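Number of protein chains: 4
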Amino acid sequence: MSKPVCAIVGIGPGNGASFARKFDQEGYAVALLSRSTDYSSELAGELANAKAYACDASDPAAVVSAFDQVKTDLGEVDTLIYNAGSGSWKSVEEITAQEFELGWRINTLGALVSSQQVIPAMKQAGKGNIIFVGATASLRGVPMTAGFAPAKAAQRILAQSMAKHLWPQGIHVAVMIIDGGIRSPHMPQSDGPDKLEPDDIALAAHYLTTQPQSAWSFEVDVRPMLEKW
Amino acid sequence: MSKPVCAIVGIGPGNGASFARKFDQEGYAVALLSRSTDYSSELAGELANAKAYACDASDPAAVVSAFDQVKTDLGEVDTLIYNAGSGSWKSVEEITAQEFELGWRINTLGALVSSQQVIPAMKQAGKGNIIFVGATASLRGVPMTAGFAPAKAAQRILAQSMAKHLWPQGIHVAVMIIDGGIRSPHMPQSDGPDKLEPDDIALAAHYLTTQPQSAWSFEVDVRPMLEKW
Amino acid sequence: MSKPVCAIVGIGPGNGASFARKFDQEGYAVALLSRSTDYSSELAGELANAKAYACDASDPAAVVSAFDQVKTDLGEVDTLIYNAGSGSWKSVEEITAQEFELGWRINTLGALVSSQQVIPAMKQAGKGNIIFVGATASLRGVPMTAGFAPAKAAQRILAQSMAKHLWPQGIHVAVMIIDGGIRSPHMPQSDGPDKLEPDDIALAAHYLTTQPQSAWSFEVDVRPMLEKW
Amino acid sequence: MSKPVCAIVGIGPGNGASFARKFDQEGYAVALLSRSTDYSSELAGELANAKAYACDASDPAAVVSAFDQVKTDLGEVDTLIYNAGSGSWKSVEEITAQEFELGWRINTLGALVSSQQVIPAMKQAGKGNIIFVGATASLRGVPMTAGFAPAKAAQRILAQSMAKHLWPQGIHVAVMIIDGGIRSPHMPQSDGPDKLEPDDIALAAHYLTTQPQSAWSFEVDVRPMLEKW
Numbered sequence: 213m214s215k216p217v218c219a220i221v222g223i224g225p226g227n228g229a230s231f232a233r234k235f236d237q238e239g240y241a242v243a244l245l246s247r248s249t250d251y252s253s254e255l256a257g258e259l260a261n262a263k264a265y266a267c268d269a270s271d272p273a274a275v276v277s278a279f280d281q282v283k284t285d286l287g288e289v290d291t292l293i294y295n296a297g298s299g300s301w302k303s304v305e306e307i308t309a310q311e312f313e314l315g316w317r318i319n320t321l322g323a324l325v326s327s328q329q330v331i332p333a334m335k336q337a338g339k340g341n342i343i344f345v346g347a348t349a350s351l352r353g354v355p356m357t358a359g360f361a362p363a364k365a366a367q368r369i370l371a372q373s374m375a376k377h378l379w380p381q382g383i384h385v386a387v388m389i390i391d392g393g394i395r396s397p398h399m400p401q402s403d404g405p406d407k408l409e410p411d412d413i414a415l416a417a418h419y420l421t422t423q424p425q426s427a428w429s430f431e432v433d434v435r436p437m438l439e440k441w
Numbered sequence: 213m214s215k216p217v218c219a220i221v222g223i224g225p226g227n228g229a230s231f232a233r234k235f236d237q238e239g240y241a242v243a244l245l246s247r248s249t250d251y252s253s254e255l256a257g258e259l260a261n262a263k264a265y266a267c268d269a270s271d272p273a274a275v276v277s278a279f280d281q282v283k284t285d286l287g288e289v290d291t292l293i294y295n296a297g298s299g300s301w302k303s304v305e306e307i308t309a310q311e312f313e314l315g316w317r318i319n320t321l322g323a324l325v326s327s328q329q330v331i332p333a334m335k336q337a338g339k340g341n342i343i344f345v346g347a348t349a350s351l352r353g354v355p356m357t358a359g360f361a362p363a364k365a366a367q368r369i370l371a372q373s374m375a376k377h378l379w380p381q382g383i384h385v386a387v388m389i390i391d392g393g394i395r396s397p398h399m400p401q402s403d404g405p406d407k408l409e410p411d412d413i414a415l416a417a418h419y420l421t422t423q424p425q426s427a428w429s430f431e432v433d434v435r436p437m438l439e440k441w
Numbered sequence: 213m214s215k216p217v218c219a220i221v222g223i224g225p226g227n228g229a230s231f232a233r234k235f236d237q238e239g240y241a242v243a244l245l246s247r248s249t250d251y252s253s254e255l256a257g258e259l260a261n262a263k264a265y266a267c268d269a270s271d272p273a274a275v276v277s278a279f280d281q282v283k284t285d286l287g288e289v290d291t292l293i294y295n296a297g298s299g300s301w302k303s304v305e306e307i308t309a310q311e312f313e314l315g316w317r318i319n320t321l322g323a324l325v326s327s328q329q330v331i332p333a334m335k336q337a338g339k340g341n342i343i344f345v346g347a348t349a350s351l352r353g354v355p356m357t358a359g360f361a362p363a364k365a366a367q368r369i370l371a372q373s374m375a376k377h378l379w380p381q382g383i384h385v386a387v388m389i390i391d392g393g394i395r396s397p398h399m400p401q402s403d404g405p406d407k408l409e410p411d412d413i414a415l416a417a418h419y420l421t422t423q424p425q426s427a428w429s430f431e432v433d434v435r436p437m438l439e440k441w
Numbered sequence: 213m214s215k216p217v218c219a220i221v222g223i224g225p226g227n228g229a230s231f232a233r234k235f236d237q238e239g240y241a242v243a244l245l246s247r248s249t250d251y252s253s254e255l256a257g258e259l260a261n262a263k264a265y266a267c268d269a270s271d272p273a274a275v276v277s278a279f280d281q282v283k284t285d286l287g288e289v290d291t292l293i294y295n296a297g298s299g300s301w302k303s304v305e306e307i308t309a310q311e312f313e314l315g316w317r318i319n320t321l322g323a324l325v326s327s328q329q330v331i332p333a334m335k336q337a338g339k340g341n342i343i344f345v346g347a348t349a350s351l352r353g354v355p356m357t358a359g360f361a362p363a364k365a366a367q368r369i370l371a372q373s374m375a376k377h378l379w380p381q382g383i384h385v386a387v388m389i390i391d392g393g394i395r396s397p398h399m400p401q402s403d404g405p406d407k408l409e410p411d412d413i414a415l416a417a418h419y420l421t422t423q424p425q426s427a428w429s430f431e432v433d434v435r436p437m438l439e440k441w
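Residue numbers (the numbering used here), protein chains in the order written: chain A, 213 to 441; chain B, 213 to 441; chain C, 213 to 441; chain D, 213 to 441.
The following block holds chain A by itself, in its conformation from the complex (with noise of 0.2 Å):
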């Protein structure tokens, strides 16, 4: 029998790896897809059974035939992690109406068409994922936030109208909200116990997956025991 598909949109060694790597364990062909394939494809030869995927999330178009690509290759996607996401630390007074929308192409529009490339298959199938990558930012705007805190606040809100839809067909949409700073992977493992560690932000992903359907998660804090909030 072949693998379930688990796509993964936005990839670096940071959350994207890690997710890669934990899906790869639990028995997933992994779709990788991010604008460049130079880390990706280096990731993809760690895993047993993963591709990298060029694909700029800001751009339907990318989006779509990049899609089409992983269907080809693994299969229809049965897990959609979409972790692209961008932004900029401006006012209102200091980002510019380019900042602005690129940042929504990222974190709203691209999660949007990345959703509607593996709907259909989930629908017939009756069951599949789909799990946003927010963060608090989704909640409030500061004064800095101008571009970021917008644009994942119309991804929380876009993921809830879509799990209102799609629950009921089978498909757990879920948003995890990420509350907190990311350890990096060249951070000494000393420094970040106030950090999240990409590796736990991408088990919480999983469990989410696992759910049986009459307790279903919609949306799922996670931040560092430490972290002020």
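The hints are simulated quantities; they were obtained by calculation from the structure and are not laboratory data.
These numbers come from a predicted model, not from an experiment.
Treat each hint with caution, since some may be false.
No distinction is drawn between identical chains; accordingly, a pair holds when it is met within one copy or between any pair of copies.
[Said to hold, decoys possible] The list that follows gives simulated cross-link-like pairs (lysine to aspartate or glutamate, EDC-like), each with its CA atoms no further than 20 Å apart:
(1) LYS302 - GLU431
(2) LYS339 - GLU258
(3) LYS283 - GLU305
(4) LYS283 - ASP268
(5) LYS263 - ASP285
(6) LYS440 - ASP280
(7) LYS215 - ASP412
(8) LYS335 - ASP280
(9) LYS407 - ASP280
(10) LYS339 - GLU439
(11) LYS339 - GLU305
Got chain A; can you put chains B, C and D on it based on the hints?
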């Protein structure tokens, strides 16, 4: 002494006209910005000191140029009411990337760019009001608001980022959460006891501009007495 | 014609006095309910038509009997402002069950029982206002508000349950979210530019009672221009 | 080595029994606290290492004494699950002060006092779990939850205050938001596809106790795939 200027983006015979009439009555010169000036120039003719401007709120260049003209004609803006909005009633499966983007351009991007046109003079003056006309959809998504709700959520969180940045400089940024259907001017009075009356929404907007600096509101919900919520 | 009656529960030289003066100016007969009448009877003497009542808001029997007296003296209550509040600044480890209960009795139970004294006549009249003076603590707990925040959260959600039940009957239930420190009457004017002025809070409360039925607010936050939030 | 101890307050044949069975299976000694021990002592008999305790959660003295007995019998508590709850389905007009108080005593005060019995040893150990079984009512009130919703809102915000205080000391405080009806053990399997299965709720509770310290969740919603929300 010249009148203070109120710029209203999004003018139709409902809310837009009511905002215009209220601020006209309160002694403001009123700039009416809307895609077409068919209705707004007629409305301008009924008011003491108003002028209609063609402005596609979804197009940053058009917004910049319309506000330049407003300043030339009427002077710097004291109060901005961002009333432009639109939304398709579609689920994640039905909405196209183009429709999703257009909703965001009108509800969110236009609100940013319009605000950026008035902030510098407000900072200079140490005072001013920026009011976004929001919606309950900003707080929750439902199946058929896959496009509208994310755009309104982004608008609301943008307002929050702006408020935290601009309040200390004397600029009162606020968002009104309209919760309910709005009476149409073509509706017989007897038909809409369960709907919001645009003149009453305008009262609430004007009230916000009169609050003393020690007790400003950021977020004000308005809904009909008979609304189910 | 007799004056409408405003009953204010919780009277001190800050918010309570400002509510009393505002509604007095607006032509209400004002009932001042507070544990001790030392201050409130002095305040009553300054107003056109006011009367002080001893009432321990944490004691349901005392609340019932005080409101009975108010009705006998002044008539049925048109507007209730529930301003009684108190809170210990303690963590879960420090607070006793007694302190926890007292905070709930004053902030929550007293609000319920006071409301129950005025609802029947308001229903009869098909109009009335019930305003709870709430706090940001109702929306989030922090380490040292183990007692205060839960009591305020309960008060706010009680108001929401009441609003959904009573609005369709013409009774405007609302909650004010006070976010920030409040100026004391003993504080020199120059000291508090970053604090809420009680007279300005009273303006906002009175505004709520003037909203037309097509556009009622349930929840209004007020904070100083200079507040960090 | 002795087993870790899980204390569950509120034991019936639904959630309470499922929590007990799950933590029993996971190798805990389980203390079952409930008003009557009729059912809980029978349940204890089915488990490897469990004991039933009579405890009226609404009575602080009874809670203190029951936990004293638990510690004597089984040792310090590692994981507390506060599952006691009750609620009248009444509007503000119907609920009595007594009913309102009882709901608060069971849902809120009992949660505080139970927590206070286990916190000192958890601090000493630098670890532990406290999980409150909450409800959607904690987030919004509706007409008929004038008693239940405020009590659950207070419970949730108490948990938040506790979490911010205790997480840095190694104690994982969390709240589960149960959103939906719960299957009864007497209901035929075919009847409840739109209801929460208690065993699945217990899975989610146990999952919370396994999260690594870099990525703890505070608030987890669980609802059936078919729930309307």
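Hint check:
| no. | hint | in the structure |
| --- | --- | --- |
| 1 | LYS302 - GLU431 | neither (27 Å within a copy, 23 Å between copies) |
| 2 | LYS339 - GLU258 | neither (29 Å within a copy, 36 Å between copies) |
| 3 | LYS283 - GLU305 | between (43 Å within a copy, 19 Å between copies) |
| 4 | LYS283 - ASP268 | within (17 Å within a copy, 40 Å between copies) |
| 5 | LYS263 - ASP285 | within (9 Å within a copy, 56 Å between copies) |
| 6 | LYS440 - ASP280 | neither (43 Å within a copy, 33 Å between copies) |
| 7 | LYS215 - ASP412 | neither (24 Å within a copy, 26 Å between copies) |
| 8 | LYS335 - ASP280 | within (17 Å within a copy, 50 Å between copies) |
| 9 | LYS407 - ASP280 | neither (36 Å within a copy, 37 Å between copies) |
| 10 | LYS339 - GLU439 | between (35 Å within a copy, 16 Å between copies) |
| 11 | LYS339 - GLU305 | between (45 Å within a copy, 16 Å between copies) |
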